[in-house]
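Colleague: Listed below are the residues making up each chain.
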Amino acid sequence: MTRPVAWPQGHEDSQIQFKWVSIVALCTAVGLGSVAIADVASRQGADYAVTSVFFWVGLLLIFAPIAFRILSNNVHPREQLALVVLLGVALYVAKLLGSPDAFTGTDEYVHLRNTQDILRTQHVFNSNPLLPTAAFYPGLGAATAGLADLTGLSPFVSGVLIIGAGRILMSACFFLVAERATGSARAAAGASLVYAANPLFLFWSSTFAYENLALPLAAFVVWWLGRVRQEAGPGPQIVATMAIVAVTVTHHVAGFALAALLSAWWLAEIVIRRSGAELRNVGFMAAVSAAAALSWLFFIAKPARSYLFANNLVPELQQTVSVLTGRTPPRHLFTSGGHVSPAWEIVASFGAISVLLLALPLALYLAWTQRRRPALAVATSVAVIYPLTLLPRLAPTGVAISGRSSEYVFAGLGCVLGLLTAEATWWRTNRRRLRPVPAALTRWFGWRWVAVAAALTTFVFVGGVTIGTAFYERLPESSNPQGYPWSVQPDVVSASQWAKEQLGINQRFAASWIDASALATYGEQDTVNENDIWPIFFADTVDATAVHAIRSTGVRYLLVDWRMTKGVPPTPGYYFSPYEPHAGNYTQAFSTRALQKFASAPCTRLIYDSGSIQIFDVTLIENGSCVPALTSTARNMRSLG
Amino acid sequence: MKRRRLALLSCTGLAAALTIVAAFVPIPQTPRVALGVLIVFVLPGFAILSALFPGPQLSRGERLLASVGTSIAMTVYVSVLLGTTSMGLSHESLAVTLGATTIAASVLASFRARYADEA
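Chains as they are written, first to last, in the working numbering: chain D, 1 to 641; chain C, 642 to 760.
It should be emphasised that the hints constitute simulated quantities derived from the structure, not laboratory data.
Over 12 Å on every C-beta distance to chain D, these chain C residues come out as not near it, computed from the model: (1) Lys643; (2) Arg644; (3) Arg646; (4) Leu647; (5) Leu649; (6) Ser651; (7) Cys652; (8) Leu655; (9) Ala658; (10) Ala741; (11) Val748; (12) Ser751; (13) Phe752; (14) Ala754; (15) Arg755; (16) Tyr756.
Beta-carbon label-pair distances, calculated as ranges: (17) D:Arg120 x C:Cys652: 33 to 39 Å; (18) C:Ser727 x D:Gly554: 27 to 33 Å; (19) C:Leu655 x D:Ser295: 37 to 43 Å; (20) D:Phe298 x C:Arg755: 44 to 50 Å; (21) D:Gln502 x C:Ser727: 31 to 37 Å; (22) C:Cys652 x D:Ser494: 45 to 51 Å; (23) D:Asn506 x C:Arg755: 52 to 58 Å; (24) D:Tyr365 x C:Thr725: 49 to 55 Å; (25) C:Ser727 x D:Phe350: 54 to 60 Å; (26) C:Leu655 x D:Val314: 51 to 57 Å; (27) D:Ser494 x C:Leu722: 34 to 40 Å; (28) C:Ser727 x D:Ser295: 18 to 24 Å; (29) D:Ser295 x C:Phe752: 33 to 39 Å; (30) C:Cys652 x D:Ser127: 38 to 44 Å.
Short, incomplete list of chain C residues facing chain D, as computed with Cβ under 7 Å: (31) Gln670; (32) Val674; (33) Val681; (34) Phe694; (35) Gly710; (36) Ala714; (37) Val721; (38) Leu730; (39) Ser731.
All C-beta atoms in this analysis are idealised placements derived from N, C-alpha and C, irrespective of residue type, glycine included.
When you get a sec, could you build the whole thing from the sequences and use the hints?
Modeller: Right, here's the structure in full:
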């Protein structure tokens, strides 16, 4: 049995071409400049038709030259590795340019709150009003708080450094794992390109969120075990166990995915190799990973069970089945909050998916010819799931499960499709007859196979970006948005800071889900679950329903955002909660009368009024010392009750 | 090769010791940031890997990559662990824990490297 290559070894006939590296790096820098121009222009309110040109040109300048270079012939594997890492970092910086001085993503607020709580209390497992489950996976928040405390840097800068280090780790480890799985550095380069083309890689995977630290650590575990499992002594197990524990305390799904991957690897080793110390090592670490993930879920992170299964996985799968059986109409793709994606983006999205689906059978055939490789067998078993993961996208709420799965599925898909890019580009050098690629076609293309492979991966990358993020959310929102905004606005931040100074922290607030993010972080307030408080805002008067909602949730303050009356909510299609009336189907903006009621109600008190933002004190209603005059309907209901 | 490793381990131990000192004595922001970044992202992993793998099992690139991965992993679980104790997660407790681990691992790695030399 030959020992797999440990680290990219130089080809005898190749060396690192610093000239090419410099050219590619220059293109990357120019591309980032173009993205920066798009971001600045978008912030100043420039038209999307103009800003999007700079945005896409920038992304193409980043992706295409790297793709072309790393798929070319006679490129040193270390150069390929360096350029893969450059691609990962450049796309991370492209995301950062959109919000260079603060976290602005929905999930980023969740973990910023975790970090703030840990910094303030010096302890983990504080209650997180934005996502209670996140408090039970404090790895990211604790590490960020630790770095911020050690260095004196802000939580934002510390978080950017941690996720950035994770991005480098992910890019490098994925390339090395793919190289080991496929046995080819060029296939690994192709795999890395396909992985970077997954719909979440550009934006979501760059956010300050726990999964984006846990996944790189999981990739590190897989690389590490593949690299050192033949070494004697406890060293490999000690390091792997440390990383597995870190994954476990950082993210639930990543912990289980790692356990599943290691178990599948162990099974593949059993079936293909059947014996050896390597088998025992992988099996042992699979058991450690599974035990750690399950123990944490059942003994520490108890709320995560209902969050994962009852609130997310099961309803989304049920809805997918309902759509497939015709009981529920499918979701309108590429439309959200009154926005419709540009036509070319819709074409690019379907085109990218088509390329992947068409290439998959060929790639699976290549994988079949190398089925004696256990790691490739595991990658193949993950890749075949890809078509199935597209189905939940048709369901109204299934986009989450479909989109989020791509970070995992594209790992296997990348390795398998990487074989295809390697075979296609490898043809010219070795002149061996390739099975799946028609010889006439390869002769006709000749050296242009490299260009075709690079162009196709770039096309899939473009399509992935259009699938992964709504077009209007790829660039920063204008500082003076028309209609209802999709991101936290500066005046809400000011109101939140005022609340922190004047009311103190941990006050129970009710607000729209976007504004709640600012209140919970900049204001450090305890915002109440939006599923429970939406009736307070929807009623035309402060009626029995609103009073009941205030009392049952213990809400003491309401943040009213008058911009709700200016436009319908964009993605995810509601102001407060998916359970509110018209959620996902708004055709008109929020009722002005419904918000006016707070100013005229006798038991409420306006304590903050600035521009579109008002804060009302409803403590008197909450503690029962003042009862608003109820409507006749409510009085009837009460007398009947 | 081994002389360079020993020199690196000495620097690692020194930087870890300075990190501990910096947690209790006010120092300028720039060295504080440099020490904090090193102790979170590189030093503990490098020291632990040197202690566990004193020979040439890992190339320089692999050692660097594994140092970053191990350091981040260690920072994550040490931070969480400290956050569950009555001592709490503070810059003092984190600096002492990561720094002491790094120094101990550096000392062990130095002995193992020398022993490997004599063997």
